[in-house]
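Undergrad: Next come the chains, spelled out residue by residue.
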Amino acid sequence: MMHNSPALVPLLFLAAAISIPVLGIRKTRVAYPLTMVASFGSVIISFHNILGVWRNGPLTYHFGGWFPPIGIEYVLDPLSSFVALVVNVIAVFVLWHSGGIQEREIPGKSVPYYALALLFLCGANGIIVTGDLFNLYVFLEIFSLASYGLIGIGERQAPVASFRYLIMGTVGASFYLLGIGFLYIVTGSLNMADVRTILPHIHGNPAVAAALSLIFIGMGIKMAIFPLHGWLPDAYTYAPSTSSALIAPIGTKIAAYVLIRILFFVFGVKMVSQSLPIADGIAWLSAIGILYGSVMAMAQNEMKRMLAYSSVAQIGYIGLGIGLANPLGYIGAVLHILNHAFMKGSLFLVAANLRKKTGQSDIPRLDASLRKKLPWTMAAFTVAALSMIGLPPTAGFFSKWYLALGAIDRGNWVFLAVILVSSLLNAVYFFRILEKVYLVPPAAQTTGEDLHPEAGTGRGSLVGEESYPLMMPVVIISFSLLLIGLWNATIVKEVIQRVIPLGM
Amino acid sequence: MTDFLLGHYVYWTIFALLMIGLYGMMFKNNLAKKLIGMIIFQVSVIMFYVASAVKWAATVPVLDPATGVADAAKYISPLQHCLMLTAIVVGVATSGVAFSLVILIYRHYRTLDESVLMEHMKSS
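Sequence lines, in order, name chains A and L.
FYI, my numbering numbers position 271 of the first sequence as 271, with every residue one higher than the one before it.
FYI, my numbering numbers position 113 of the second sequence as 113, with every residue one higher than the one before it.
Chain A extracted, bound-state conformation (with noise of 0.2 Å):
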């Protein structure tokens, strides 16, 4: 067990993705429980793992039995295994949620709908545990193959925005895999770990220059960092709620883990930011993207739109943490990857709600009947809503808090005032909505509805807000910030630092 375990959770989604369509000939209903079996189980084996990780160290698998840096080798370090234990985790609550949203949002189509969210956590692990370069092309083609499809059953407008994705999203691949062909003209050999040791041998060549500026594109476009972001806001928006619950939280975030793996585990902490000087780059890229996508979901009316350009700001922490290169920067940024994960989860998780409660979720519509109709939900809301913008006890708070560090420590002011300037920003939009939905005094209509409880909207919907599948995991994923901001120590301290890229 131990033995084959980093290709286990892979194999898992793989084999559960090819039964559904094959089971679901007959019987449609097998789709949701065989998911949920799956997913459920990939969140067993990925604690399992993560635990046998730090009690013995990383654990690597070799295919076919063999060796690297012939063989495809997989590898669970602390950093992989805790990444895929936050990716499985999130995708266990989200599916599970999708049992009561999928048949109204997309009706008839459950086969395929589950189908293709196994196929993408099977591309999303596969990418996190492969230790060689060109298996995580092919994992990141099936990941993306299955996002485009996740989106484009969506709505009238998703299947321009799916080809919009699509034809982006095979542009950064295709600029990923142009330049792992100049890594293997210069080294020989596709093996990272391999990759890693002849690198420094190698002075000056500009293949090695061409190859990081090319990585870096494709993975650019993949994670939406600040001017390659254009496909983000529409796929996120067309697409069905619980489609972009499962993508938001997870897509842009494996593209992050990709880029922070190849950066400083491949190329090495010394050569991106000295000889080949790409971080600061990408520091200064993911600044202006915080600023941006900050300001600009201030400037939409729908809230899944809202959310997608504050998931291009949000990327943008992670970016600029890696920008940074130094340990307090890659903590936060390692940080941020599961605190965004959880808080974008919830988010779209409750924009879900919101659009199967009243049909629609355009901000200036919300109004303070909301609390009534659905407590548990904007509760659930308003924790994430605190997360998000970073305030003490919830999780958002402490990633914010070691990049403001990793900044000081760098000594950049400008990352600094551009972090707080940010927390401001994201203050002011979601406060719009936290406005509408709790402050508003009970005037006008209002007014009568709260003298009378049991006319309108009242009591009945107070009781059935939600069944359980919709409210369930939404109240768990916030609730569980609070519990990551409370523990952030522990999880930093055990996992987070022993994964430090060396040189840093």
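There's no promise every hint is true.
Stated by the list, open to error - Within a straight-line C-alpha distance of at most 20 Å, the following computed EDC-like cross-link-like pairs (lysine to aspartate or glutamate) qualify: (1) A:K493 <-> A:D362; (2) L:K28 <-> A:E302; (3) A:K356 <-> A:D194; (4) L:K122 <-> A:D409; (5) A:K109 <-> A:E155; (6) A:K356 <-> A:D409; (7) A:K356 <-> A:E105; (8) L:K74 <-> L:D64; (9) A:K372 <-> A:D362; (10) A:K357 <-> A:E105; (11) L:K122 <-> A:E302; (12) L:K122 <-> A:E155.
Claimed, not checked - Just a sample of chain L residues kept apart from chain A, beta carbon distances all over 10 Å, derived: (13) L5; (14) F41; (15) T59; (16) Y75; (17) L83.
As the list claims (entries may be wrong) - Partial list, computed: chain A residues near chain L (C-beta under 10 Å): (18) M168; (19) L391; (20) V437.
Hints were generated in silico from the structure; no laboratory data involved.
Cβ coordinates follow ideal geometry from the N, Cα and C atoms, glycine included.
Given chain A's structure and the hints, the job is docking chain L onto it.
TA: Showing chain L alone in chain A's frame:
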């Protein structure tokens, strides 16, 4: 200078193809033409790998008793070709998904003109 240009003519061709692909994706208004640009782009990456495996005075990587195994440099590296077989399959899958999306878009909107589509998306 001429040596530099002529000596790497394969790479210049590939670079030109990459640019043609990018041009198609960025400046063509019709989604099908964008898709053609994307396929040209992908194929030129595949050609880049294949070109990088070219070696004069070497043979196919199948054991030849006349050449023997003593000097591995007499064989062409087979890895790039194997990788590109996978990349071609990936490319075919991507075009398949893209074509199905294009068909869906055409069924919904009865047009593939991007500027018209943008108008539709804004209005609805």
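Undergrad: Against each hint, give a clear statement of whether it holds in the structure.
TA: Do the hints match the structure? See the list:
no.: 1; hint: A:K493 <-> A:D362; in the structure: violated, 41 Å
no.: 2; hint: L:K28 <-> A:E302; in the structure: violated, 30 Å
no.: 3; hint: A:K356 <-> A:D194; in the structure: violated, 51 Å
no.: 4; hint: L:K122 <-> A:D409; in the structure: violated, 45 Å
no.: 5; hint: A:K109 <-> A:E155; in the structure: holds, 13 Å
no.: 6; hint: A:K356 <-> A:D409; in the structure: violated, 46 Å
no.: 7; hint: A:K356 <-> A:E105; in the structure: holds, 8 Å
no.: 8; hint: L:K74 <-> L:D64; in the structure: holds, 10 Å
no.: 9; hint: A:K372 <-> A:D362; in the structure: holds, 18 Å
no.: 10; hint: A:K357 <-> A:E105; in the structure: holds, 12 Å
no.: 11; hint: L:K122 <-> A:E302; in the structure: holds, 13 Å
no.: 12; hint: L:K122 <-> A:E155; in the structure: holds, 14 Å
no.: 13; hint: L5; in the structure: holds, 17 Å
no.: 14; hint: F41; in the structure: violated, 6 Å
no.: 15; hint: T59; in the structure: holds, 19 Å
no.: 16; hint: Y75; in the structure: holds, 14 Å
no.: 17; hint: L83; in the structure: violated, 6 Å
no.: 18; hint: M168; in the structure: holds, 9 Å
no.: 19; hint: L391; in the structure: violated, 36 Å
no.: 20; hint: V437; in the structure: violated, 27 Å
Hints 1, 2, 3, 4, 6, 14, 17, 19 and 20, counting from the list given before, are not met by this structure.
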